[in-house]
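2 protein chains.
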Amino acid sequence: MPRFVHPPAQDISLAGVLGALSDPMRLKILKKLLERRDGTLSCSAAAPSPEMAKSTISHHFRVLRDAGLIRTTKQGVENLNCVRWDEVNARFPGLLKAIMKFQP
Amino acid sequence: MPRFVHPPAQDISLAGVLGALSDPMRLKILKKLLERRDGTLSCSAAAPSPEMAKSTISHHFRVLRDAGLIRTTKQGVENLNCVRWDEVNARFPGLLKAIMKFQP
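If you read the sequences in order, they're chains A and B. Letter 30 of the first sequence, counting from 1, is numbered 30 in my numbering, and no numbers are missing. Letter 95 of the second sequence, counting from 1, is numbered 95 in my numbering, and no numbers are missing.
So that you can see chain A by itself, here it is in the shape it has in the complex (with noise of 0.2 Å):
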């Protein structure tokens, strides 16, 4: 049973990716996976600061998860993450490219 839960691609809605991302936290987590693109970082690793309480890191990926933008994968003791790029760009053509511009 896998431990984590990735909407299909076809289901990723442009007001779940919008909502997502309508948190400067989470903004810097996907940019942070977004210069890992090739790769995957651990939650600990992606987190935006290194103060920020365990549960709400958690938070912070599951809603970016639940709206289809990473997918997580447990690998022994971490949960990496990477993001789920191409299924939403394929779905949203230049979207992302378009929002994540504008995070420093």
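It should be emphasised that the hints constitute simulated quantities derived from the structure, not laboratory data. Just so we're clear, the structure is a prediction, and the values are computed from it rather than from any experiment. Among the clues, some could well be false.
To be verified - Capping the alpha-carbon separation at 20 Å, the derived lysine to aspartate or glutamate pairs in EDC-like fashion look like this: (1) 28(A) x 66(A); (2) 101(A) x 23(A); (3) 101(A) x 51(B); (4) 54(A) x 66(A); (5) 101(B) x 86(A); (6) 101(A) x 35(B); (7) 101(B) x 11(A); (8) 28(A) x 86(B); (9) 32(A) x 78(A); (10) 28(B) x 86(A); (11) 31(A) x 66(A); (12) 101(A) x 87(B); (13) 54(B) x 11(B); (14) 101(B) x 87(A).
Stated by the list, open to error - Pairwise CB distance ranges (calculated): (15) 73(A) x 3(B): 49 to 55 Å; (16) 55(A) x 75(B): 45 to 51 Å; (17) 52(A) x 7(B): 24 to 30 Å; (18) 97(B) x 36(A): 38 to 44 Å; (19) 32(A) x 77(B): 33 to 39 Å; (20) 56(B) x 34(A): 33 to 39 Å; (21) 50(B) x 52(A): 41 to 47 Å.
Cβ coordinates follow ideal geometry from the N, Cα and C atoms, glycine included.
Following the hints, put chain B in place on chain A, whose structure we already have.
Frame of chain A; chain B shown alone:
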């Protein structure tokens, strides 16, 4: 004293814009207003459906206004709304266009 409060253009934030558009009803409202970019629409005329409660319509317009996406002016008994297209576009070039092209 003005009846409506509009954030100055420099206070329009990326997260705020995305949050305001993270609701299918507000995406519909903005789409309707954009089809009248050269003009304005009353709240009821821009409502996504005629059955929507007035309080719900007001809420959606307030969220859009607070995010800096629309400007509301009182004219007689009507509140007229227009998209702050040029201001939002100056702050986040191409963002609104990239988002709204996916709103049917």
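(request) Find the hints from earlier in the document that the structure breaks and name them by number, from lowest to highest. (result) Going through the list in order, the structure violates hints 3, 6, 8, 10, 13, 18 and 19 and respects the others.
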